[in-house]
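Since the structure of chain A is already known, use the hints to place chain B on it.
There are 2 protein chains.
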Amino acid sequence: MKIAILGIDGYIGYSLANHLMKRGHSVYGLDSGIRRARVEEIGGDSLTPLPSIYKRGEYLYNTYGDRYLGISYRNIVNCDYNININPDTIVHLAEQPSAPYSMKDSYHAVRSQGDNVLGTLNLLWKMREKFPKAHLVKLGTMGEYGTPNCDIPEGRIPAQCLGNSGAYQCLCSMSGLLFPRTAGSFYHLSKVHDSLNIEFACRNWGLCSTDIMQGVVFGLEGENEQELTRFDYDEYFGTVINRFCVQAIAGIPLTVYGAGGQTRGYLPLKDSLHCLTIAIENPPKEGEYRTFNQFENIYTLNSLADTVVRGAKSLGIDASIEHIENPRNEEEHHYYNPDHQKLFDLGYVPTTDIQGEVTTLISKLLPYKDRIRKAVIYPKTKWR
Amino acid sequence: MKIAILGIDGYIGYSLANHLMKRGHSVYGLDSGIRRARVEEIGGDSLTPLPSIYKRGEYLYNTYGDRYLGISYRNIVNCDYNININPDTIVHLAEQPSAPYSMKDSYHAVRSQGDNVLGTLNLLWKMREKFPKAHLVKLGTMGEYGTPNCDIPEGRIPAQCLGNSGAYQCLCSMSGLLFPRTAGSFYHLSKVHDSLNIEFACRNWGLCSTDIMQGVVFGLEGENEQELTRFDYDEYFGTVINRFCVQAIAGIPLTVYGAGGQTRGYLPLKDSLHCLTIAIENPPKEGEYRTFNQFENIYTLNSLADTVVRGAKSLGIDASIEHIENPRNEEEHHYYNPDHQKLFDLGYVPTTDIQGEVTTLISKLLPYKDRIRKAVIYPKTKWR
Numbered sequence: 010m011k012i013a014i015l016g017i018d019g020y021i022g023y024s025l026a027n028h029l030m031k032r033g034h035s036v037y038g039l040d041s042g043i044r045r046a047r048v049e050e051i052g053g054d055s056l057t058p059l060p061s062i063y064k065r066g067e068y069l070y071n072t073y074g075d076r077y078l079g080i081s082y083r084n085i086v087n088c089d090y091n092i093n094i095n096p097d098t099i100v101h102l103a104e105q106p107s108a109p110y111s112m113k114d115s116y117h118a119v120r121s122q123g124d125n126v127l128g129t130l131n132l133l134w135k136m137r138e139k140f141p142k143a144h145l146v147k148l149g150t151m152g153e154y155g156t157p158n159c160d161i162p163e164g165r166i167p168a169q170c171l172g173n174s175g176a177y178q179c180l181c182s183m184s185g186l187l188f189p190r191t192a193g194s195f196y197h198l199s200k201v202h203d204s205l206n207i208e209f210a211c212r213n214w215g216l217c218s219t220d221i222m223q224g225v226v227f228g229l230e231g232e233n234e235q236e237l238t239r240f241d242y243d244e245y246f247g248t249v250i251n252r253f254c255v256q257a258i259a260g261i262p263l264t265v266y267g268a269g270g271q272t273r274g275y276l277p278l279k280d281s282l283h284c285l286t287i288a289i290e291n292p293p294k295e296g297e298y299r300t301f302n303q304f305e306n307i308y309t310l311n312s313l314a315d316t317v318v319r320g321a322k323s324l325g326i327d328a329s330i331e332h333i334e335n336p337r338n339e340e341e342h343h344y345y346n347p348d349h350q351k352l353f354d355l356g357y358v359p360t361t362d363i364q365g366e367v368t369t370l371i372s373k374l375l376p377y378k379d380r381i382r383k384a385v386i387y388p389k390t391k392w393r
Numbered sequence: 010m011k012i013a014i015l016g017i018d019g020y021i022g023y024s025l026a027n028h029l030m031k032r033g034h035s036v037y038g039l040d041s042g043i044r045r046a047r048v049e050e051i052g053g054d055s056l057t058p059l060p061s062i063y064k065r066g067e068y069l070y071n072t073y074g075d076r077y078l079g080i081s082y083r084n085i086v087n088c089d090y091n092i093n094i095n096p097d098t099i100v101h102l103a104e105q106p107s108a109p110y111s112m113k114d115s116y117h118a119v120r121s122q123g124d125n126v127l128g129t130l131n132l133l134w135k136m137r138e139k140f141p142k143a144h145l146v147k148l149g150t151m152g153e154y155g156t157p158n159c160d161i162p163e164g165r166i167p168a169q170c171l172g173n174s175g176a177y178q179c180l181c182s183m184s185g186l187l188f189p190r191t192a193g194s195f196y197h198l199s200k201v202h203d204s205l206n207i208e209f210a211c212r213n214w215g216l217c218s219t220d221i222m223q224g225v226v227f228g229l230e231g232e233n234e235q236e237l238t239r240f241d242y243d244e245y246f247g248t249v250i251n252r253f254c255v256q257a258i259a260g261i262p263l264t265v266y267g268a269g270g271q272t273r274g275y276l277p278l279k280d281s282l283h284c285l286t287i288a289i290e291n292p293p294k295e296g297e298y299r300t301f302n303q304f305e306n307i308y309t310l311n312s313l314a315d316t317v318v319r320g321a322k323s324l325g326i327d328a329s330i331e332h333i334e335n336p337r338n339e340e341e342h343h344y345y346n347p348d349h350q351k352l353f354d355l356g357y358v359p360t361t362d363i364q365g366e367v368t369t370l371i372s373k374l375l376p377y378k379d380r381i382r383k384a385v386i387y388p389k390t391k392w393r
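Respectively, the protein sequence lines represent chains A and B. Everything in the first sequence is counted per my numbering, starting at 10 for the first residue and increasing by one. Everything in the second sequence is counted per my numbering, starting at 10 for the first residue and increasing by one.
Okay, chain A solo, but in the shape it has when bound (with noise of 0.2 Å):
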């Protein structure tokens, strides 16, 4: 197939197009470099050292020949760009991804909004008018839902769970809406926007879509150097058990934010590969708006916590945990039982051994120990 990345110079873009093209598929690419920009502003850096957009076109040109279609550097937020090719699928990880950086102050707010909404509104419609047959692959979040205090289906109000009761007997049609959404950051809340803008697309223009609700990825992919995935593990970027296994490498504690039973879907970023690979070479029909909710296993913080201070241990390293004042403003303790069958049906093999993910990992991050800056972990942005 023909995919169009947007977004792939990131964590996850940049080890798609690897894997999407050792598969044989053709892959073209788009990417701002805000990314790098972002990080930079906040003074983190990747653990493993990046080489430029440039260098990483090269290495995809002279690795996959023709299947590499080219990268085209453009701001993506303002749909200043062509996409020069026709594609099948159009996968958009161009999105502002931290749920801190858009807590910080109303500039940061306005701009994850403003960039993460208006730049998939500008894709919508360009969609609409160059490629309304292509199948756009949305990068969503398992934040979306929240944590309700009841089951979260896949994306829609199932049938089977509303009864027939009361005064508002007619609810029990509230079936096939979508379900709910409580998020809890303007981070968060800018997926929701762009799920219900492009359910939208695709109701009222029939185009078609996969929104992704993913829970939070780790790990590290790459066969070499050079296909080496950017490694983030500041407060803002890193996402947990990155900035776990960083904290266990640099000899800090563990910083668990309040009571640590905070309950979400984690995955490997192997598995996030596989998962978006499945929904690409499964696209859904024309006009079909489908959410997957993409995540291998639900975990608590301190049993992950708990998981990297083994791993480390197995590796000669001595962890520590430390509970801190929770920055954000969310249930330490809550109900949390997502359904996420959609993808198991369609071939999905979960990796479930998380403690050797997580020690192979950490040794995996322990060539870069020096590159570390201990500064950006601890966080200073708070929801209140």
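No wet-lab data here; the hints were simulated from the structure.
Heads up, the list lumps identical chains together, so a pair's fine if it works in one copy or across two of them.
Here are the simulated DSS-like cross-link-like pairs (lysine-lysine), alpha carbons at most 27 Å apart as the crow flies:
(1) Lys322 / Lys383
(2) Lys142 / Lys31
(3) Lys31 / Lys351
(4) Lys294 / Lys391
(5) Lys135 / Lys391
(6) Lys389 / Lys142
Chain B only, in chain A's frame:
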């Protein structure tokens, strides 16, 4: 009370300012003049002659003295303004209000969502910093809900509507979550995005807000020429009853979009002022986010067209009705049963004589017959 009105120069804003000062409240206004610019952009003009914003300010100053706290001519989207009072209430009416305008092309869609969503987001941050105790009265729309095949509650899913059955047993706890929105244009979606952002700001920061899901407003208010509201009748900014009345006066057939079974909530402008005043004078608790469904009653397009024809006939005008291809993408026969009890509980006495209202409106508009621009009424923007 001290009240700041954002969008004081608009259709509702200017009437509301007069109404509130007549009741003894103090009013400070902000406006960027963008509504005038947008109507000019699409070739329209208010049917009623419009004094400049400064003339309006002069009138308010001369009429209400100390209760008039000034008007500031400022960009509202970028939050390029100070609110030079310590308001008890901030009424936010400063948004792009037209669905077809948002569906013209990508530029207008992005402007609509950018201006509305980011303007409100900026306001929320400003309130957090400067006016955390003020009550935000925000104008949303009944169109946020769309036309689901079930009853529509006021904002959240009520407890009594959910049974307890089947695999998703826990979904009986879905009560309290926001009722899912299924909006029908990028404009309507901008209001949904606003609602979600505001709900989060209340939940996270303890702001309080009344989010008004308003029906379609019609009518003309003002006790003299200087108090008169603007009155739009073009395809973009003219709401349907107002447009029908102008078509009747102009001797053009009333253009019903499609079959005409489309059902929505409607209310006269004076009822809107009445309801907004109730919301202002009965603020929610600190940290509370509440939703009012604000309309007098529900009507089909066909019944409204008949009402206008009857009203015109009683004034000696022979009006006709034409069904034209629906430029929008909407159900033309559908279930519609939205709740709207909260405002009644707080004392809203609705104007139930819609025929009388419409007939009076036509007679008030007759003196402006020569100002009608016939070319701007027929719909040119299509949803698909």
